[in-house]
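Peer 1: Residue numbers (our numbering): 26 to 176.
One thing to keep in mind: the hints can contain errors.
Label pairs and their in silico Cβ distance ranges [claimed, not checked]:
(1) GLU31 x SER125: 47 to 57 Å
(2) TYR173 x SER120: 19 to 29 Å
(3) ILE147 x ASP85: 18 to 28 Å
(4) ARG75 x ILE35: 22 to 32 Å
Quick caveat, the hints were computed from the structure, so don't treat them as lab data. Quick reminder that beta carbons are idealized off the backbone N, C-alpha and C, glycines included.
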Amino acid sequence: GFTLIELITILVILGIISVFAVPRLSGAEAFSVIGARDSGLSVARQVQLRAMQQEDPSADCHALNVTASRMGGSAASGCGFNTDRSDLVDLSDSSVRISSEQTIHFDLLGRPVAANNNRICIASECKITFSQGSSSASICLNSEGYFYACS
């Protein structure tokens with residue numbers, strides 16, 4: 026039989042090994058993708074809240090724009106946003122890419138709508154996927170405007 030001290034020693038050794046082994050097995054790209062997804066989730070909610078506070082939330086300045094390397098508020102010069110923005114995830118210097126390029130507007134209740142104010146994401150949730158190599162992480166948006174991390 027093993028004593029309690031031997032069992033605790035083995036658990037500590039396994040814990041130390043797992044701290045070093047898990048990051049090597051999952052790779053740095055998984056952390057980059059999840060970090061980008063979490064930043065995108067925060068930015069999407071921020072753009073949505075800003076659109077809900079506007080008289081005309083369907084205006085292009087208050088839409089969530091998603092491209093292959095950028096996600097956030099409008100980049101149009103007429104919108105009056107400066108270069109130091111908190112509502113933008115710019116992945117142009119990264120190998121993480123965003124799929125499902127789209128522009129999502131929001132009504133005053135925060136629900137996703139198209140530019141013509143027709144509701145979207147009703148039949149199936151809208152999905153924005155961040156990927157790098159074999160790792161991917163997604164953001165889903167349901168018809169009532171709830172953003173969440175999904176698979």
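Peer 1: Could you run down the list of hints and mark each one as holding or not?
Peer 2: Hint check results:
1. A C-beta distance of roughly 53 Å is found between GLU31 and SER125, which places it inside the suggested range of 47 to 57 Å.
2. Between TYR173 and SER120, the C-beta spacing of about 25 Å keeps the proposed range 19 to 29 Å intact.
3. Taken as a hint, the range 18 to 28 Å holds for the pair ILE147 and ASP85, whose Cβ atoms sit roughly 22 Å apart.
4. For the pair ARG75 and ILE35, the beta carbons lie near 53 Å from each other, so the given range of 22 to 32 Å is not met.
The structure shown violates just one earlier hint, number 4.
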